[in-house]
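> Two chains, each in its own frame: build the complex with the hints.
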Amino acid sequence: MMNFYTKAAIMAVGAACVLLLAGGFPLMGAPAVYRGGAMLLLGLVSALLSLCGAWRIASGQRLRLVFGLLFLFFSVIGLVMLWQYSAQGIKFAEQGGPLWMGALAMFCTALSGAVFFAVFGYLTKRVMTRRLWLAGIHASLVLLTIGVYVDYKYEERYRLILPADGSVSTDAVQLPEGGRVPLGFSFAVESFSVAHYDDESYTLYTLEEGRPVRPIQPELQGDMLVAGKERWNKNLLKTAPGMPQPFYLVPGNPQRVILRNPPVVKDYCAHCLVNTDYRGRPEQRREQLRVNEPISCKGWLLSLESYELHHGRTLVRVQARRAPGRIAALSGMVGIIICTACWCWWNKEEEEALT
Amino acid sequence: MSYLIYTLTSLALLFALGTIGLHIAGHEPAARRCHKAVWYLAAGLFVADWVLAQAPPFGNMRHVLAFFPLVMYPASVYLRRYRSLSADGWLAAASAAALIGALCMPLQATWRQMPALQSPWFAPHVISYVLAYGLLTVAALMVLIHPLRGGESIRRTQNAGALVRLAFPFMTFGLWSGALWADAAWGAYWSWDIKEVWALITWGIYIIYFHVERHAAFATWLRPLLLLGFAAVLVTFFVVNLLPNIQSLHSYAQ
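Protein chains in written order, with the working numbering: chain C, 5 to 359; chain V, 32 to 285.
Excised from the complex, chain V in its bound form (with noise of 0.2 Å):
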């Protein structure tokens, strides 16, 4: 099973570093074909993971990692279809960051469901911060690899906006189900646990942001504002489960 879920990972990147080729090359249709295939190739690597681990696979990094894929095909199919916005190269720059994290990982073949992560809560609290965390990842992409100024960069700031629109009510329900879901698990719907007050701060940056958003005076924040969102969703997702030493009541999924 092990070389099963690495080959799935591997060849998943190459069709995701496919589609981004393909569409900085200006071959949409094919990099739209490549994407679906890492799609595919994404759903097999998640029922692969879900037989390992005999429980619905959110449970660790590698899991999340892995599942980022999943969601950043249908998040490309709705922006074409609802937001006129072709962004296949851009979620797939988002899935292949993700697949080489989760390439680096352990597979910790002997995880399994605790208690407190059985819970009808679970599975719609991870997928939500995914797509959010996936959008928004994009978002920060499209502003930072852009010129500061011209049509081109109020195009793509307008872009970015439109995908944090998107990925702000998913991160509110990721954010507030989880202590929702807390307060049955822990007893306790907050606990200022390290990962929790992370969240917070990322959710309140966005917060910011939408303040900010529709007013020209700060057109020149948006910008900054995103890329510090991002570096906020960043340290929540990694460096909080990451780094050594770090007493936190998420520990589980490290």
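Extracted from the complex, chain C is given alone in its bound form (with noise of 0.2 Å):
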């Protein structure tokens, strides 16, 4: 028989799903049932019962779940040491600092990341059984749903414009509607640097009324664009007052004209300053703000969002987020992603050997 809370549970998955529908369907959706009371009342359900399903799954052995995430949540750990702080050693010797100090670094860290993994890798395989890997799952839920509901009401998010000529320098955030929000330090963007991708390549546009139209890409061969029957030397091509890229009119009906793509952007990176304080005492970081590498600084993360010219400055734009449930939010999602792998996984018969 099922139990009150599974056919719940259930219920409860069923109807977010159909709130997820309804906003996430792909013409007609209404996106802002994501954010309505009917979700937040079947996120919170949903996290009670996740609560109730990790009590009553963990029955009699609640201490050892306890223990068991523990030790997980301590082996996670490990496995971040190892690669994120032997990464910084790489890092740091990359960027001037002595080779023997970034490799002695790395070693360290990466060996106290191993053996913390060991160790608490071993006494969670120890501890935990098929049943308190789902129990697991149920309590990284309740997890990832309290991280997210602080985030909800907490977090705060603004976006920062600054010239990368280290001309200015913030050290707080201007509403538009007047208000000002402290950083608690100063930050300015130094100098920035893009790199591109040095590969040639070219589109043959059909012109129709002027616009151009129907994209075919031409193969280079050598010298030679090729798309298929027709060749064109790619010197042909030439630049002309108000176009960007070199070009070339096809002669012939219908008007055809084949255009050099623009270099595609491989890497940017903006060399930050950022003035602070560590207990007390001013501090001075140089920082490198890169998409994918965000900066932790007091509390607030900065993200490097994109950038643009303006007027011949480069303009970067970077997001200041301050995320008080972001730890929750994210150890209940790593908690989801191993508790599943270890109960879909779980060798049954082993386990049925040892019971």
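Keep in mind the hints are simulated off the structure, nothing from the lab.
Misleading hints may appear alongside valid ones.
Simulated restraints on C-beta separations [to be verified]:
(1) C/C112 / V/S115: 27 to 35 Å
(2) C/K129 / V/Y71: 30 to 38 Å
(3) V/Y71 / C/V269: 52 to 60 Å
Not close to chain C: a few residues of chain V, all C-beta gaps over 12 Å, as computed [unchecked claim]:
(4) P60
(5) L116
(6) I185
(7) M202
(8) R254
Ideal Cβ positions, reconstructed from N, Cα and C, are used throughout, including at glycine.
Pasting the structure below:
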């Protein structure tokens, strides 16, 4: 017989799926439902049911579950140490630090991380059972929901647009309505570098009423551009005022044009100066801000969004975000990933033999 | 390079179709060898795509579809060894469908990896989704092409369940690793992007499947749930990317 909680969980997840569908239907969706009261209520109900689920599934082994999840947490910390801080050692060496120091830092942190991971991973495996992994999924879902709710309520997110010449240092966010949010540190972008892929590519367009349509990408064979049976020498392409890229008008009817594609951005990086303090003492840090590599300072997470050229100046868009529920939410996600894998792939026969 | 890519794709498709034919004819060892040939061709295709893209080739739909057969053969080996399930024909059918899709898509020879995609999460995120979607396709095919009642029906539903159990952790990793990646790349772990929402709907449907799986009273739900989950997979993977006029943070995957 299915118990009340399982039935309620099915109904809650089903209702959440229907609400998500209402907003996520490709053409006629209503995304406002995601932040509506019904969705918040369903999230709360799902979290409570997950908590009940974890409590009931781990019945008689609750202390074991707590220890198992703690051991899991420490083994993940070991992995993060192994991954992140050893990478920091390499980065330090790359930024001009002595190579041996980078290597030593890498080795020490990697070793500590490996030891953490091995010891706590072993303990986790000893403590957890398939049933407890299932309880762990439910507990992680609760942690995720708590983090999401805290962020929904208290997250702060602002956009900073700074010139990339170090001329502006900001220590607060100016709000459009006139307010001011202090960051607790000052921040400037000293320089900005953009790298492009060095390959060249071309597109052949047909012109219809002056508009380029039906793009075809000719293949580059030596100096020749080849599209089907047609071939053109790439040196035919010329620049002209008002045209950002070289082009060639192909004679004949219909009118066609070959354009050299603009170079594709490979990477961009903002070199930042952060003036902050460490336990009351002033501290100046130089950081490289890249996409995928945010920097953190005083509870704020700074992420590089994009850049634009404005009257010959490069303006860098940076997102400043303070999300108090982030760690709980991310921990919940990691917990769900690991517990799901262990629950689904746990060797049932082995466990039955043990019990 | 484009000729090489299309030739390899076509050959892999032919061998995948051959695997299905041999499986239907009951020549399992030959089907296995044929499926292995698909894997070698797909590996060649993967290398060619990597050379052309100058980065791990997971950046657009054709890349991902062409990668499908590469994970389907190891999945068949795993299922044969550890689940005693001979599924070469089924998995080759999923590969064939993906390869037909890859052949229909433009080559996008000028595709280059944009900065947001240059992350350690990129390859694991895509590979786990490809594995999950491939296995769930097979699970759906298994329950779709079978009689509604009888012992064979029960056996196939159980086999499909084993596949879902194998696939679900990959899907879970894909979904939540995407959120962890988005936290670093976009400064938000969840943006209610349409692709994210559909991935969450799909995940939710399989969550319901796991809640009803062990209860005999809900045995009739399993088949519709597997098909519903597969429909959600199709919408997440294809419809959201291919429909015009859809604004998505995942638009680079088109």
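> Starting from the hint list further up, note which numbers the structure goes against and sort them upward.
Going through the list in order, the structure violates hints 1, 3, 7 and respects the others.
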